[in-house]
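Colleague: Sequence:
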Amino acid sequence: MIAHLNGHLAATGIDHAVIDVNGVGYLVGASAKTLAALGALGEFVTVHTEMLVAEDSIRLMGFASAEERDWFRLLTGVQGVGAKVALAILSILSPAEVQTAVARADAAMIARANGVGPKLAQRIVNELKDKAGGIAIGSGGAGTAAPASGAANDAVSALLNLGFKPAEASSAVSAASDELGPGATLDALVRLALRKAAK
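Residue 145 in numbering that gives the first Met the number 0 is what sits at position 146 of the sequence shown, and the numbering runs on without skipping anything.
None of these hints come from the bench; they were simulated from the model.
Please note that the accuracy of each hint is not assured.
Claimed, not checked - In silico DSBU-like cross-links for lysine-lysine, where the CA-CA straight-line distance does not exceed 35 Å:
| no. | residue 1 | residue 2 |
| --- | --- | --- |
| 1 | Lys195 | Lys118 |
| 2 | Lys164 | Lys83 |
| 3 | Lys130 | Lys118 |
| 4 | Lys32 | Lys83 |
| 5 | Lys128 | Lys83 |
| 6 | Lys128 | Lys118 |
| 7 | Lys164 | Lys195 |
| 8 | Lys32 | Lys118 |
| 9 | Lys130 | Lys195 |
| 10 | Lys118 | Lys164 |
| 11 | Lys130 | Lys83 |
| 12 | Lys164 | Lys130 |
| 13 | Lys128 | Lys164 |
| 14 | Lys32 | Lys164 |
| 15 | Lys118 | Lys83 |
| 16 | Lys32 | Lys130 |
| 17 | Lys128 | Lys195 |
Unchecked claim - Derived CB-CB ranges, DEER-like:
| no. | residue 1 | residue 2 | range |
| --- | --- | --- | --- |
| 18 | Gly38 | Gly79 | 29 to 35 Å |
| 19 | Ala197 | Arg103 | 15 to 21 Å |
| 20 | Leu161 | Ala39 | 19 to 25 Å |
| 21 | Ile57 | Thr11 | 17 to 23 Å |
| 22 | Gly79 | His7 | 23 to 29 Å |
Nothing here was measured: the structure is a model prediction, and the numbers come from that model.
In this text, a Cβ means the ideal position worked out from N, Cα and C, and glycines have one as well.
Make a model of the complete structure from these sequences and hints.
Modeller: Okay, here's the thing in structure tokens:
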């Protein structure tokens, strides 16, 4: 599992970017908002990633923030929402805006995205309304406060991959991060977070 990529922005397209990591170019699908946030070609960037494995392909999706990646995971968990539709939603709405739309049952806001009709938008709102508070959002957003460090974000990702809910993962890692301090390693954070989540 590739949690994130650190490298130079080598190229961009309508729906993707190429990140050069030590001479290896990784093509990652991305939303319009992520592509806009990456900056100019040649700049050093960090993208959070999600790997999609199908029978005939393996694709890597890239996100400017862990919050956007987490919403991508939730959106693609809804019946009828594939990677293309999820990216379309995240191209017009920030993670905080998606969270607000879901929390307020504002299907019309979701339906603004290309490929999302009223029925699908309503299904997204209905299926995700109980999870809207579980995704950590940065300054100005609702939800559980996100751990600040890269190691903490990766620890949250690790717990999500183990099947924990976003709220549980963020809460456990935040508690572990507070106890261990800002210099904590990823391994230490994950171990302590797992112990706290098990209590």
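Colleague: So, for every hint listed, does it hold in this structure?
Modeller: Okay, the hints, checked on the actual structure:
1. Between lysine 195 and lysine 118 the alpha-carbon distance is near 40 Å, which puts this suggested pair outside the 35 Å criterion.
2. Note on lysine 164 and lysine 83: the hinted pairing holds, with a Cα-Cα distance of about 24 Å set against a maximum of 35 Å.
3. A C-alpha spacing of about 19 Å is found between lysine 130 and lysine 118, which places the hinted pair at or below 35 Å, so the restraint holds.
4. In summary, the hint linking lysine 32 to lysine 83 is supported, as the alpha carbons are separated by about 14 Å, within the 35 Å threshold.
5. Using a Cα cut-off of 35 Å, the hinted pair lysine 128 and lysine 83 holds, with the two alpha carbons roughly 21 Å apart.
6. Restraint check for lysine 128 and lysine 118: satisfied, since their Cα atoms lie roughly 15 Å apart, inside the 35 Å limit.
7. Proposed proximity of lysine 164 and lysine 195 is supported: the alpha carbons are some 14 Å apart, at most 35 Å.
8. The hinted pair formed by lysine 32 and lysine 118 meets the criterion: a straight-line CA distance of about 25 Å does not exceed 35 Å.
9. Between lysine 130 and lysine 195 the alpha-carbon distance is near 21 Å, which keeps this suggested pair within the 35 Å criterion.
10. For the hint linking lysine 118 to lysine 164, the alpha-carbon distance of about 26 Å falls within 35 Å, and the restraint holds.
11. Of the supplied pair hints, the one linking lysine 130 and lysine 83 holds, its CA atoms being roughly 21 Å apart against a limit of 35 Å.
12. Distance restraint check for lysine 164 and lysine 130: the Cα-Cα separation of roughly 9 Å lies within the 35 Å cut-off, and the hinted pair is therefore satisfied.
13. A hinted pair counts as satisfied when its Cα atoms are at most 35 Å apart, and lysine 128 with lysine 164 qualifies at roughly 14 Å.
14. Note on lysine 32 and lysine 164: the hinted pairing holds, with a Cα-Cα distance of about 25 Å set against a maximum of 35 Å.
15. Note on lysine 118 and lysine 83: the hinted pairing holds, with a Cα-Cα distance of about 17 Å set against a maximum of 35 Å.
16. For a cut-off of 35 Å, the pair hint linking lysine 32 to lysine 130 stands: about 23 Å separates their Cα positions.
17. The suggested pairing of lysine 128 with lysine 195 holds, with an alpha-carbon distance near 26 Å, which does not exceed 35 Å.
18. The hint said 29 to 35 Å for the Cβ distance between glycine 38 and glycine 79, and at roughly 34 Å that hint holds.
19. For alanine 197 and arginine 103, the Cβ-Cβ distance of about 34 Å falls outside the hinted range of 15 to 21 Å, so the restraint is violated.
20. Between leucine 161 and alanine 39 the Cβ separation comes to about 37 Å, which falls outside the hinted range of 19 to 25 Å.
21. Checking the proposed 17 to 23 Å range against isoleucine 57 and threonine 11 shows it holds: the Cβ atoms sit about 21 Å from each other.
22. In this structure the supplied range 23 to 29 Å is violated for glycine 79 paired with histidine 7, their Cβ-Cβ distance being about 37 Å.
Hint violations for this structure: numbers 1, 19, 20, 22, all remaining hints satisfied.
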